[in-house]
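**Q** Chain by chain, the residues run as shown.
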Amino acid sequence: MPTIYDYEPIVGKDVINELELLASKLTNVSVQHINSTSVGGGVAEILMRMVPLLKELGINTSWDVIKGGEKFFEVTKKMHNALHGQKVSFSQDEIDLFIQTNEMNSREMDLRGDIMFIHDPQPIGLVSKRELIGHKWIWRCHIDFSHPDPFTWDFLKKYIEKYDVSVFSAPAFARDLKIPQVLISPSIDPLSDKNKDLPKEVIDSVLDRFKIDKNRPIVTQISRFDYLKDPKGVIQVFQKVRKYIDCQLVLAGGGATDDPEGAKVFAEVQEIAANDPDIFLLLLPPGSDIEINALQRASSVVLQKSLREGFGLTVAEALWKSKPVIASAVGGIPLQIANKYSGLLTHTIEGTAFALKQLLQNPAYGLKLGANGKEHIRKNFLITRHLRDYMLLFLSLEHKGDDVVFL
Amino acid sequence: MIGKAKEPFQFYTRQNILYLLGKKAKNLNTLLTGIKEAPLSSIYHHTHHYLEQHEYLSPEPPNDFAYWVTNFLQNRALGEEIAGIDLRQYTSLKDIQLRLIEIIENWIRQDPESANRNVPQGGEFYFIAAQMFVFPTKYVAHNLLEFSQCLSSVSNHSIYFHMFEAPLFQKKSQFCYWIENEIGDKKLAAAFRNLDPYTLTLDNLKHNLIRLVKTRLETK
Numbered sequence: 001m002p003t004i005y006d007y008e009p010i011v012g013k014d015v016i017n018e019l020e021l022l023a024s025k026l027t028n029v030s031v032q033h034i035n036s037t038s039v040g041g042g043v044a045e046i047l048m049r050m051v052p053l054l055k056e057l058g059i060n061t062s063w064d065v066i067k068g069g070e071k072f073f074e075v076t077k078k079m080h081n082a083l084h085g086q087k088v089s090f091s092q093d094e095i096d097l098f099i100q101t102n103e104m105n106s107r108e109m110d111l112r113g114d115i116m117f118i119h120d121p122q123p124i125g126l127v128s129k130r131e132l133i134g135h136k137w138i139w140r141c142h143i144d145f146s147h148p149d150p151f152t153w154d155f156l157k158k159y160i161e162k163y164d165v166s167v168f169s170a171p172a173f174a175r176d177l178k179i180p181q182v183l184i185s186p187s188i189d190p191l192s193d194k195n196k197d198l199p200k201e202v203i204d205s206v207l208d209r210f211k212i213d214k215n216r217p218i219v220t221q222i223s224r225f226d227y228l229k230d231p232k233g234v235i236q237v238f239q240k241v242r243k244y245i246d247c248q249l250v251l252a253g254g255g256a257t258d259d260p261e262g263a264k265v266f267a268e269v270q271e272i273a274a275n276d277p278d279i280f281l282l283l284l285p286p287g288s289d290i291e292i293n294a295l296q297r298a299s300s301v302v303l304q305k306s307l308r309e310g311f312g313l314t315v316a317e318a319l320w321k322s323k324p325v326i327a328s329a330v331g332g333i334p335l336q337i338a339n340k341y342s343g344l345l346t347h348t349i350e351g352t353a354f355a356l357k358q359l360l361q362n363p364a365y366g367l368k369l370g371a372n373g374k375e376h377i378r379k380n381f382l383i384t385r386h387l388r389d390y391m392l393l394f395l396s397l398e399h400k401g402d403d404v405v406f407l
Numbered sequence: 001m002i003g004k005a006k007e008p009f010q011f012y013t014r015q016n017i018l019y020l021l022g023k024k025a026k027n028l029n030t031l032l033t034g035i036k037e038a039p040l041s042s043i044y045h046h047t048h049h050y051l052e053q054h055e056y057l058s059p060e061p062p063n064d065f066a067y068w069v070t071n072f073l074q075n076r077a078l079g080e081e082i083a084g085i086d087l088r089q090y091t092s093l094k095d096i097q098l099r100l101i102e103i104i105e106n107w108i109r110q111d112p113e114s115a116n117r118n119v120p121q122g123g124e125f126y127f128i129a130a131q132m133f134v135f136p137t138k139y140v141a142h143n144l145l146e147f148s149q150c151l152s153s154v155s156n157h158s159i160y161f162h163m164f165e166a167p168l169f170q171k172k173s174q175f176c177y178w179i180e181n182e183i184g185d186k187k188l189a190a191a192f193r194n195l196d197p198y199t200l201t202l203d204n205l206k207h208n209l210i211r212l213v214k215t216r217l218e219t220k
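If you're matching them up, the sequences are chains R and Z in order.
Residues in the first sequence are numbered consecutively from 1, following the numbering used here.
Residues in the second sequence are numbered consecutively from 1, following the numbering used here.
One chain only, chain Z, in its complex shape (with noise of 0.2 Å):
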């Protein structure tokens, strides 16, 4: 028997608007200077625009400061340090800021010679934010049946939103969410919980959920 949420889900999705800072970054110091000066609108987009932007890409797609370390710095280990941050284990976009100041301050602290070392000209880190625009969409599920319908139709945008972002901006909003406290699932809310998206594309994320629901759909 298909469970009735007490409250349905309305699936949204979001679009961003990019702004410049006109401020950018030619070495370690600068690139730390402008993270510790960044608006959380910045740290957000930096550690998350890449794997929408990428999202064909195929595994890990690291966030934007990984990604110019490695490049442009040529600096690997750093890279791969600041690729690794588990995001999901952040509520908050002011402590993934914190996180980076961290590493990069570490970094300086072993290596001092290193925090003064120029990218060629044209390689500078420049700082963006987002502004995000959040609407509903038409599809809204009463049950996991509908649910899981929805997730077949509904944009990336919206998969992204529902699951990277929710958990940042608006918390009730997440998939997770909805299925333990209206459907009363405990155990597909866990499952989903548990699927890490930062490590796989948006169409094998989209997949990946589909297959938890329908799982679940045949053995109730």
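In isolation and in its complexed conformation, chain R is listed as follows (with noise of 0.2 Å):
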């Protein structure tokens, strides 16, 4: 695992040096975070990588898991899918389960953080202790929460209204609250698996692999099989662009196993394809960071045609290896596309062909795109700058509502 101090090379020693001043402003609280598994997705990736650093930096930082059967896991799969926007509906007993299981939590737990920092709506319900024990109380929503399921949302927001603060990861998140909302984007770790550099040699032989091309342009989308993220317009830009240059398109992802629908979108993508040998259709299994890797690398231009989105660190993750990068205006996109500085935004299946075209026929405007937007990363969305409004959160807890603060 990485220390604080391997990140210097990286983002500067004056990045580390004000992390450290930070935390020394930090040293007498302690904060307690709470989530609902310490394995598998993205919230537990990230406290595996923040929870270290945190305590490294000085700050007394702990990490527990709360308990939950599986019907309880089935209720909140469903409040996760209805805060993306579906339509489902809840009995009485799945709410009452609900309820029930966090109450269960808060008895069984030992809440002893100074700072109390709740993630995603699982464990929401275990700031009904705060009355009887106090403390300072966050709640972290690391999902899209643009268009919720009206129901779902004012369950939550009962909830949601009784911690200080509430965290959201994009703008087009933030909703009508008492309680103020912070924007804390996510990050991605520059040395991880997915994003540290690979030698040329690993890079071509994933390429031999999946028998792609290495000396005709490559364009790539890395997502999962989802209808939100367009891969059948992707492949109508691809066939655009292709009366004209000669290229390749891969469409790489996961998580269609175990999705009906995303077997279900794989399967018509599949189909639109039509055994193109120009188009590459990869199912890859989960802990395929290094193929993506490669992948991503290996690519002329990165697009994320999304018509949703979350927060879409796919693009964080292309920037990084300096690729140009056509997205679509949606979600966090835009705050990782400055358009024309650091990437192009698009909003049509005609608009991305276009600017696809553009960037195939002048590479150099492509590394222009790509070496600015790996600068904007470097600033503003690795796991230091995460790490850092960690902090500024925590100290943000002791001074409401002043604009300026003067430590």
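The hints are simulated quantities; they were obtained by calculation from the structure and are not laboratory data.
The C-beta atom is built at its ideal place from N, Cα and C for all residues, glycine as well.
Keep in mind that the hints are not guaranteed to be accurate.
[Claimed, not checked] Derived DEER-like restraints, expressed as beta-carbon distance ranges:
id, chain 1, residue 1, chain 2, residue 2, range
1, R, D64, Z, R117, 49 to 55 Å
2, Z, R117, R, H147, 21 to 27 Å
3, Z, K214, R, D176, 49 to 55 Å
4, R, D154, Z, K24, 18 to 24 Å
5, Z, V140, R, M48, 35 to 41 Å
6, R, E350, Z, E80, 50 to 56 Å
7, Z, E105, R, Q270, 52 to 58 Å
8, Z, E80, R, N362, 24 to 30 Å
9, R, E74, Z, R117, 41 to 47 Å
10, R, P9, Z, V140, 23 to 29 Å
11, Z, N27, R, R224, 47 to 53 Å
12, Z, E7, R, H135, 38 to 44 Å
[Claimed, not checked] Under the rule of at most 25 Å between Cα atoms (straight-line distance), these lysine to any residue pairs were calculated in the SDA-like manner:
id, chain 1, residue 1, chain 2, residue 2
13, Z, K36, R, D402
14, Z, K24, R, D164
15, R, K78, R, R175
16, Z, K172, R, F406
Combine the two chains into a complex, taking the hints into account.
**A** Laid out in structure tokens, this is it:
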């Protein structure tokens, strides 16, 4: 596991110094993270990296996980889908189970942090203990909140407003709430398998394994096979461009095997691709980080043509590899791409096809966008910035309402 | 001979935490309303963060309002006018807010139809406010030589605070204030004041500041 000083060559000594300075103001507080799983999923992945780094910086940080039965997690999965905008209905039994499981956890868990840092909806009800034990409470939402199902939103809102502060990943997720809403974008870890530098031989071997021609331009979209990622639209873009430019398309992602809708989308995409030898549909198993890294690095242009997006960290991953990226202006993507400075933002299939032709025919322009994009990610979307934001969040709990705080 | 300051210069740095205000604009009219209702910490964020967040870009990254009007509303002329606001002329955020309102209201008067033209879904402008945490660094200068050495060592956040934010929030922490009042070097203070920090990347700004001090030290 990397230490904080392993990031110094990437972000600079001044950034590490300022993290230490911030941490020095937080030596007298303890922070307890609570979520619903210790393995798998984005939240656990982030906490696995963040908790040791916060500890290394001298902040008394711990991480606990709630308990719940299979049925409870079925209910929270439905809740998750409802927050993504799916029409879902809950029975009274399901609601009761959610409340009872949270109550059981709040009785049995040692809720000891000066700052209770609760992640996502599953453990949201722990805050009911607040009246009894006090402490500061943060609720961190990691999921797309732009079009939540109204019933689910109303149900969760009653809990959210018991917290001191809520945290969202993108401006579009802001809601009408009585408590402050902090914006903290997610981040990528430049030292992880998905983002670290790779030797050319590793990249070539991945291309060879998938029989992708490394001598012709490669256009890639990394994402689940999901309607909201518009894989069919990506194929249409490719077909428009390929009339003029010899290139290959890679659509790679996981999630189809355990997701019935994913399998359906994959089948539909296969049908549209119609055995085109220049279209590579890759269903990657979990843990294919090196493969994803290699595919991104081998690409001439990376697409993220999502119709809706949470934050879209695949954009940050591609930009970190200095790749020119064309992406839809949805969710958190406009935070990562300043149009025509650090990538191209588009809205339609036609616009995306035009931008793709432009970049494939003007590699120098793509290089400039990619170089700017990498710097933008270095300054704003690496894990060190995420650490900084969390520490500022902790400090802000003591300074509510002040625009400028002199420490 | 290197003059000693009456009071040493304390280098500060600062970090911001961002708050979502839950308000958005989808056309010029709602942008105007949002700007009128926004707290000054939001005006500050939207007129200043772009430079820091895109500090590698050169030249002239505009402010958020200009960027959105140009790239999302596709109103290049108005975007250019907003980008052209000379922020150095303003010593209060209220005045910047009033100038933004004035420019947009003038535009709507001349072209009322443009006021309700919506951006495509997903392209809305979201109002954000910043809370600023300022803290002292270990760098303290007692004379110009030490000042130049500190400039080389501090982060861009520190340069940013002293050049862009001190004029708005803590005037005595401006570099030029200290050089003029504590070192007593009016010429160098004027050279610092005449630099337009809004047209340089932060790295270039830092190099220019160091160069000015070094040149001054060589001529003393």
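**Q** Now look at each hint and say whether the structure bears it out.
**A** Comparing the hints with the structure gives:
no., hint, verdict
1, R:D64 with Z:R117: 49 to 55 Å, "holds (51 Å)"
2, Z:R117 with R:H147: 21 to 27 Å, "holds (24 Å)"
3, Z:K214 with R:D176: 49 to 55 Å, "holds (54 Å)"
4, R:D154 with Z:K24: 18 to 24 Å, "holds (21 Å)"
5, Z:V140 with R:M48: 35 to 41 Å, "holds (40 Å)"
6, R:E350 with Z:E80: 50 to 56 Å, "violated (27 Å)"
7, Z:E105 with R:Q270: 52 to 58 Å, "holds (55 Å)"
8, Z:E80 with R:N362: 24 to 30 Å, "holds (25 Å)"
9, R:E74 with Z:R117: 41 to 47 Å, "holds (46 Å)"
10, R:P9 with Z:V140: 23 to 29 Å, "holds (28 Å)"
11, Z:N27 with R:R224: 47 to 53 Å, "violated (34 Å)"
12, Z:E7 with R:H135: 38 to 44 Å, "holds (42 Å)"
13, Z:K36 with R:D402, "holds (20 Å)"
14, Z:K24 with R:D164, "holds (23 Å)"
15, R:K78 with R:R175, "holds (20 Å)"
16, Z:K172 with R:F406, "holds (14 Å)"
Of the numbered hints listed earlier, those contradicted by the structure are 6, 11.
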